Structure formats: C-alpha cells, structure tokens
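Start counting the first sequence at 5; every next residue gets the next number (my numbering).
It is worth saying that the hints were derived from the structure and are not from the lab. Small disclaimer: the values here were computed from a predicted structure and weren't measured. Among the hints, a few may not be true.
Lysine-lysine pairs mimicking DSS-like chemistry, simulated, CA-CA at most 27 angstroms apart [stated by the list, open to error]:
no.	residue 1	residue 2
1	Lys-282	Lys-355
2	Lys-297	Lys-334
3	Lys-717	Lys-604
4	Lys-334	Lys-355
5	Lys-145	Lys-358
6	Lys-320	Lys-297
7	Lys-712	Lys-783
8	Lys-268	Lys-145
9	Lys-208	Lys-241
10	Lys-208	Lys-429
11	Lys-355	Lys-377
12	Lys-351	Lys-145
13	Lys-171	Lys-241
14	Lys-167	Lys-320
15	Lys-712	Lys-584
16	Lys-320	Lys-171
17	Lys-355	Lys-690
18	Lys-429	Lys-334
19	Lys-334	Lys-167
20	Lys-252	Lys-151
21	Lys-334	Lys-242
22	Lys-872	Lys-861
23	Lys-241	Lys-351
24	Lys-208	Lys-282
25	Lys-358	Lys-894
26	Lys-145	Lys-429
27	Lys-888	Lys-872
28	Lys-377	Lys-358
29	Lys-242	Lys-268
30	Lys-167	Lys-377
31	Lys-268	Lys-282
32	Lys-145	Lys-399
33	Lys-242	Lys-252
34	Lys-145	Lys-171
35	Lys-358	Lys-297
36	Lys-584	Lys-572
37	Lys-794	Lys-872
38	Lys-351	Lys-399
39	Lys-399	Lys-355
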Amino acid sequence: MNQYFDLDRRQNVSYLNDASSTSGYSSANSPTSTSMSPAHSPESTTLQNEFANLALPPVENSPQFMNLPYHQQPSQLMPNGNIPNASFGNMYMDHQYYTSAPPPAATVQQTALNFQHPQPGSGMKNEFPAVLQIAEQPVEKFRFRYKSEMHGTHGSLNGANSKRTPKTFPEVMLLNYTGPAVIRCSLFQTNLDSPHSHQLVVRKDERDVCDPHDLHVSQERGYVAQFINMGIIHTAKKYIFDELLKKKQDRLVFQMNRRELSTKQIQELHQETEREAKDMNLNQVRLCFEAFKIGENNTWTQIAAPVFSNPINNRKSAQTGELRIVRLSKPTGSVTGNDELILLVEKVSKKNIKVRFFEENEDGEIVWEAFAKFRESDVHHQYAIVCQTPAYRDKDVDHEVNVSIELIRPSDDERSFPPLGFRYKPRDAIVSRKRRRTCSTATTNSSGSSGTGSANNSMELPITLAQVQPMAISHHDQTISQEFGKESHLEELINSVQFRKLIETDSEELEKMCDPVLGMLVQDGFGKSEIIASTAAALEPTSKCLDAIFRAFETARHSPQVSESARKYVEELFTNHALKNDNHDTLLHEVISQKQDNLKLAFKTLQVLNFFGLRDLASTSINADGDSGLHIACQQDRPHYIRPLLKLGCNPNQQNHANDTALHVAVKEERMSCIDSFLNGVPPVKLDLTLKNDDGLSPLHMAIRQNKYDIAKKLINHDRSAISVANTTDGNNALHMAVLEQSVELLVLILDAQNSTLTDILQARNAAGYTPLELARCKANGRVVQLLEKVYPDRGETTMTWIPFKVKEEIDSSSDDSSDTGGLEMKTEEDVVIKTENDDDIDTTPQMETANARNLKILLNNKTRFDKLAAQLNQQDIWRQLAKKTEMEKFVFLWSSAEGMLDYLYHKSSRAEFESFAQALHEQLGVLT
DNA sequence: CGGGAAAACTA
DNA sequence: TTAGTTTTCCC
C-alpha cells in the first residue's frame, strides 16, 4: 500500500497502486479501487447509480482476466455497496442523462441529422456491424477549469448548436444495431488516439465524476446518447504525467480484460506516457465515443468503431481562446503605411499572432490584404500590439478607402470577429492636387491663355536662361541645344525631360534668374495678345489673377515710374487670391502644383514676384496646412522648383503645421530627386537635419523607419551628425532605430558614419535607458547583436544593466574571479587586451593599401570592368564562396548576386573587408594582376 | 457564470 | 532579477 497527499482532504491517503489518483481531485482512497477511474470515488455511493464506470468495474485484487471480448465482472463486486448495474437501465431517465425517444428505424434517422462519418479506417473493411455517429458536436470553445476552480456550477459543455433555449449537448447515435448497448464518452487528445490527461467530469452531488462516462441505449429507449452537464478540468502541469499514465493504464487494463499488467507493459506504458505528456496540447481535447454490448457474464464487446468529436478548445488560453480587437489607437492612417497603430486585444500569444488588413469589394471578395509590421516585443503583455500599418495597395488613390483589420492566429487560422474598420487616407500630395483641380482651374487654361494660346507665342524665357541653356544642355543632348535658338522649339525644350533634369540638379545661372536684378528678367515679356487672351480666361480665378499680375509687370517694366503702385497692386492680388482659396494656397503653390507641370508659367511667376521685390511674399507664403512652396514641390514631386525656390529665399527648414520640413515630406513620399535637389549643392540656408516633426522624427529617422537605405545614405552623407539625433517618441537615435529595423545594411551605414563622428551614438541611451547594443540584445536577432558587439570598444559590458544568459555565461567563465565590487574594472582591463588582440574590424591606425586592394578599387571604378567581374563571379556563385572566406562572410546573406556584393565592397565596405576580399580574389582568380 | 487579477511558478 | 506563464482566488 502506498500513500499520497490528497489535496482535497489535506491528508495522506492510502491506495494500492501507483496508477491511482495523484491529481488531487479524485479521492481514490479505497483499497479496492486499484484501477478505477476517479469516477469511483468512495463516499459517492449514490453516484454509482448514475455514473458507474461500466467499463472498469472495480475488481478483486487478483481478478480473473479473460481474453477478448471484454469482460465485466459481476457488478456485485463493486465496492462500497454500490447498487448493482441492474439499475443502469433507467438511470438516465431518472436523472440528468436521458435518452431520446426511440427512432423509428436507426437508418431512417440518419439523414435527418448532421452526421459525421465514422473514423478513419472506414477505408478498411469495417469489422463492426454497428456504426456510431455524432448527432451533435460539442461546442468549439469552452473554458477548461482548474481543479481549484471547480466550486459551484460553472456551465456545462454544450452542443455546437446550443442556444439559450433550447440547449443542446454532445450527442451520438448508434446505428445498425439492435439490443441493449452502452455508449461511452471519454476525453482524448486531438492529435493522438490516446486519452487526454484532462478530466471530463460530471457534477453530481457536490462531486466531480471523471470520465469515462457510460450511457445505456436500447431499442426501447432509442439509440441516441446525450451527454449532459459535463465539464473539463485542466490538469495542472505537475500532474499531467500521472493523470495520463493512469488513464492509459486503465484503458489498457480494460482492453486486456483486466488482466494484470506485466512489468514490461508497465515500463512501456511509462515510456509512452512520458513521450506523450511532453508535447500534449493542453488547450485542446476531443471526445471519444465508443459502443459496447454487454454479453453474458458481463462480457464487454466493442460493437462499433470509436468516433471522435471535433476539437474542443480552451477558451481561456491565448493559444486557443477567442481573438478580439478591443480598440484601435486611431481609425485612420495614410495610404503610404508606416503609421504607428496600437491595438488593444484580448489575450494573444506574441509568437502566434498577426494583424491582417484587408479590403473586400461589394461581392465580399477579398481584393487586397497586407499585414501590419511588428515584432514579438511589440506585443505588450498579451493584451496590446504596437504595429506599423502596411501601405495600401494603391498609394495614389484620391479618396479615402475603408478596409478591415482582423487578428489571425497562424497556428489554427483563428480570426478575430467581427473585423474592425480602418480608413486609409490619401496622401497629401494627391489630396491637394485634387483640391486644386476642383477649386481652381488655373492649370491648363491659364497656360493656354497666357502661353501657347497666344498667336505670336510671345512668352519667352529670360535671356540669361537662353544663353545658358545651350551649354548646359549640350552635356545631355546635343540636338536640343542646337534647336534651342529657334523660337518654335522653345516650348518643346522647356518641357523636355533633359531640361528638367538640368534645373533639378545644379545650375548657378539658372538660379540667378530669380535674383532681383532686372536684367535677369524676361526681355520682352508679355505682348498685347496676352491681355486679349486673358479675357477668355476671365472666369478662371487663378489665370485671371496671373494675367493681371503679368500685365502689371509688363506695364511696370516699361514705365518704371508706376513700378511702386504696380508692386502694391500685385502684392494685393497675390494676398487676396490666397485668401479666396479654400486652403489659402497662393499663386505660387498653385503654379508649382499644376496638374500639367508648366515650367514656363511657374518661372514667370517667380520672376515677376522677384521683379517687384516681393521675394518675401513668395518665400514666406504658406497655405492653411503651413506648407511652403518647397513642401508643395516635394509633395508633388517637382524637384526642379526646389533650387529656384531656395534661391528665391524659401527657407528649407520651414516646418508646416505637422512640423514637417519639405525634406520630411520628400522622405515620406520617397521623392529621390527632391531629396537630391536639397542635399546637393549649397543652399543659402543650411539644411537642419535635426528638425523633428509631430511624430518626433527627423528625416533620417523616417528614412530608417521606412527602411530606405538609399535615402538614409544620402542624408548621412550630407550631414553625419544627423545620426546622433534622438527622436522624441522613444529617444532612439539612428542606430537604435536601425537596430529595431534589424537591417544590417543600415547598421553598417550608420556605424561607418559613426567612426568619423565625435558624438558617441554607441553609448547614447534611449528613453527606456538602453544603448543601441542593449536594445539589440532584447529586441533584435543574434546577427544584429553580433555586429554591434564587434564595434563596441568595451563590448558593451560596462554599461550593461541586464545581461542575457548566454552572454552572462561567457563573462562568468571568462573572468576568473571578478568580485562584486571589482568586476567592472577587471573587465575593462581585460577588454583592452582583447581589443589589441583581435579587434581587426576597426582600423584605427592607417595602413598602407595593398596592391591588390588598389587594383580592385580601380577595377570597380570602371563600369565595364565592374560588370565583367560581376559576370565572372556570378558563375557558379563564385562570389559567394569567395566572400565566405573573407571579412565579407558575415554579410553574404545580404546579396543575391555578385553585383550587390561588389557594390557593397565599393561603396560601403570597411578597409579590412575590402583588403581581405581583394586578397582572396587575387588568390582565386588572379584577376588583379 | 464569466471576468479579472493576484499569487505562484519557471526559465 | 525579470518577465512571462500558469494556477489559484475572488467577485
């Protein structure tokens, strides 16, 4: 006899064999209950009446076992004076279990109910004549309760179609059979044909009776068995093995007709149980239904193949419970995506959750889907997700789009329901374009009336421009420069791509055009035809206004004495016009953002303003959004206006109402040419790359968050100090943010810049107090951490607040005795040693360039030779093998071909990387000689 | 009942 | 230690 501690009764209880209850919720204290299921708890004498485990009648200590068919010992042997099973016949009628009215004929009923087909194996010859079919599945989700929670009533396991009224319960039907039978229900695992360690209990007189549960059916009562009032007890982890073993053992004993198990069998059972217990799904179970007939001598014979219910999921678990979005931080976002969105959710598992955005058409078909971006660490305590919205499928839509958001749990493809609405808002660029198009039709009409529309095409470029262009353009296109002098081609020229390219980049002469020197202006300006033409356009506010201004210009130019009054007039026109516009766009905003870009008109406007000394008017004019002309140019991707505007005095650091500078806008919209226009050359006012918008981000921060290497590179090249700016939302600097992006490319870029900066971004702490390395350790992958650890002079240890296990072990094992107080100093010394030994990545001392490296550099510098080498290295992936042998090894995963790698080598590699690769290349191919 | 949360446990 | 889970407790 053994003993165990009964948790219910807080005392030791004796029992016969190890397989007896250890769970604490079945009090198997009867000496004779050896292989009984907990249903046979003593003290529940009356229970036997209702929940007798017919399958496992208690037996004498040395029972007589027989071979199949299963054998039932005389019920008189039941312990504790139980009522013999003669009473089973009507027990379900008397109590909570009942049987439905007998079906007219089992086979007829079949069609009326939602049947499942018998289990697998139906492919094989079914040895059983009778068939079990599930008439009502159990509910899909149900809260599993721990033993300690099983007080009072807690709702029963209902049928899948249960309503408040009528309620349904799991139900099976026995077909193709006549005569009395027993239908058994027990709890099984879902991915294994083996019992589950959880308990399927029925509440009876303050007591939970465990599975299996048996119901009698017969001709008279019908062949439908309904299992009412069941609950599922979640076995605590520590008891899982014991419970599972007990169940398996009980089952085996039953199958073997209660023959005593051999030592070997017990051993095998142990092993098997150990295996199963290890990865049993604790949040999912299914019901197993079996049917038996009880023959003479209580011989139990299986009469139908077992069937299994659909899985029942634990409602309270994050792995199987319901998914629900409780709240969104905001209901809208930009079509460009990357907006921060916070979802409050019901319990989710960070390793097993996705946020899906999708759009349906009128027919309910999915026309678009995308997933929000977030990391495991962005899931806050199972109840909130901080993510970045995905970009909408069409970034150029001009209206708001309603989409839906839902949570998805990949493991079981569960979705949250109902989906929440989310509205994508079109980009500013599109909105303002649309607004301008509808509220003022300056665009084509205006140009038509003032330019090409006039008979003699009197509108011309400034003379200086005409002189400058041939030279400048010739670089790009010989023909155009030749054609330039001919007036008829002027229109063509000015609208040509080459011309735009030219003014987009740099042309000092062109910029002079905007200088307030009269000589720079249009020589013959507007002819009379212009005025005539303008009457036709009188209905158009913008073109009318422009025409008036141009006319004033014309007059003033020829008669300087009226200049002053003309100036005032123009100023008034300009200001009033803006006020009339919905969003206070000025003429300047309008000409820059015309749908059909009209350079001539735009420049002319600039010149006229310039002429009247109204530079300030132009350079300081902002619309209702606080956007300057520069903002608009970036928004609308009109890079060629940027330099002229700057020259005119527009402040590049001007921030709009969202605190975006024009550069912010350019980065957000990824306007590469605009960015270039800003960064190349020297604007009159120094660009301030540290300005932060309302999201707390500088342009560089935005580029990093959008994972735009090219943009980040341009910005950093323009001003390295930008990398040390901390954003104001979480205090992260560029390196922190690159860590979060987990982009090796960006990291390398920033670290390279760091080498030549005084500010130490490595030690900078964000709002949470982390340095980039520390941040990497808790948020990024190993590769990122490794990369960073290499560049930290002290390997980041001295400033660590938290050291993950792996690293800690290294430290512990490498430092021999570091005591509590002396640890830091010890380590520092040690690091100095390490640094001199193997810090080959950072070249602090200038070295002579090797011949190989020099040759390789020359080679890469030549486009043709670069391509040739790339092609050569691409054969059989030589480049990859080669790179793996060198300092480049750690980056190989970055590239798919030699071009990418060579590009890195040429533009971004460290000296060590370059040298080692040059060396390897030389050895391998000899190409460098 | 279902929901919420404290306490206990674990890596 | 901390942070994440599991189990118990409570309303």
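Hint-by-hint comparison with the structure:
1. Lys-282 x Lys-355: holds (20 angstroms)
2. Lys-297 x Lys-334: Distance of about 63 angstroms is beyond 27 angstroms: violated.
3. Lys-717 x Lys-604: violated (34 angstroms)
4. Lys-334 x Lys-355: Roughly 24 angstroms separates the two Cα atoms, so the pair holds.
5. Lys-145 x Lys-358: Judged against 27 angstroms, a Cα distance of about 21 angstroms means the pair holds.
6. Lys-320 x Lys-297: Not satisfied, since the Cα-Cα distance of roughly 38 angstroms exceeds 27 angstroms.
7. Lys-712 x Lys-783: Since the Cα atoms of Lys-712 and Lys-783 sit roughly 20 angstroms apart, the hinted pair holds (cutoff 27 angstroms).
8. Lys-268 x Lys-145: Violated, because 39 angstroms separates the two Cα atoms, which is more than 27 angstroms.
9. Lys-208 x Lys-241: holds (26 angstroms)
10. Lys-208 x Lys-429: violated (59 angstroms)
11. Lys-355 x Lys-377: holds (14 angstroms)
12. Lys-351 x Lys-145: holds (15 angstroms)
13. Lys-171 x Lys-241: Outside the cut-off at roughly 33 angstroms; violated.
14. Lys-167 x Lys-320: holds (21 angstroms)
15. Lys-712 x Lys-584: Distance ~39 angstroms between Lys-712 and Lys-584 Cα, so the pair is violated.
16. Lys-320 x Lys-171: Holds, at roughly 22 angstroms.
17. Lys-355 x Lys-690: violated (47 angstroms)
18. Lys-429 x Lys-334: Roughly 12 angstroms between the alpha carbons, so the hint for Lys-429 and Lys-334 holds.
19. Lys-334 x Lys-167: Cα-Cα ~36 angstroms, so violated.
20. Lys-252 x Lys-151: Measuring from Cα to Cα gives roughly 21 angstroms; hence the hint holds.
21. Lys-334 x Lys-242: Given pair Lys-334, Lys-242 is violated - Cα atoms ~44 angstroms apart, limit 27 angstroms.
22. Lys-872 x Lys-861: holds (14 angstroms)
23. Lys-241 x Lys-351: holds (20 angstroms)
24. Lys-208 x Lys-282: violated (32 angstroms)
25. Lys-358 x Lys-894: violated (30 angstroms)
26. Lys-145 x Lys-429: Given that 27 angstroms is the threshold and the Cα spacing comes to 38 angstroms, the pair is violated.
27. Lys-888 x Lys-872: holds (21 angstroms)
28. Lys-377 x Lys-358: holds (9 angstroms)
29. Lys-242 x Lys-268: holds (25 angstroms)
30. Lys-167 x Lys-377: The given pair, whose Cα atoms are some 39 angstroms apart, is violated under the 27 angstroms limit.
31. Lys-268 x Lys-282: Status holds; Cα separation ~21 angstroms.
32. Lys-145 x Lys-399: Given that 27 angstroms is the threshold and the Cα spacing comes to 40 angstroms, the pair is violated.
33. Lys-242 x Lys-252: With a Cα-Cα distance of about 17 angstroms, the restraint between Lys-242 and Lys-252 holds, given a limit of 27 angstroms.
34. Lys-145 x Lys-171: Holds. Lys-145 to Lys-171 sits at ~16 angstroms (cutoff 27 angstroms).
35. Lys-358 x Lys-297: Answer violated: Lys-358 to Lys-297 is near 50 angstroms, above 27 angstroms.
36. Lys-584 x Lys-572: OK: Lys-584 and Lys-572 at ~18 angstroms, within 27 angstroms.
37. Lys-794 x Lys-872: Measuring from Cα to Cα gives roughly 34 angstroms; hence the hint is violated.
38. Lys-351 x Lys-399: violated (33 angstroms)
39. Lys-399 x Lys-355: violated (30 angstroms)
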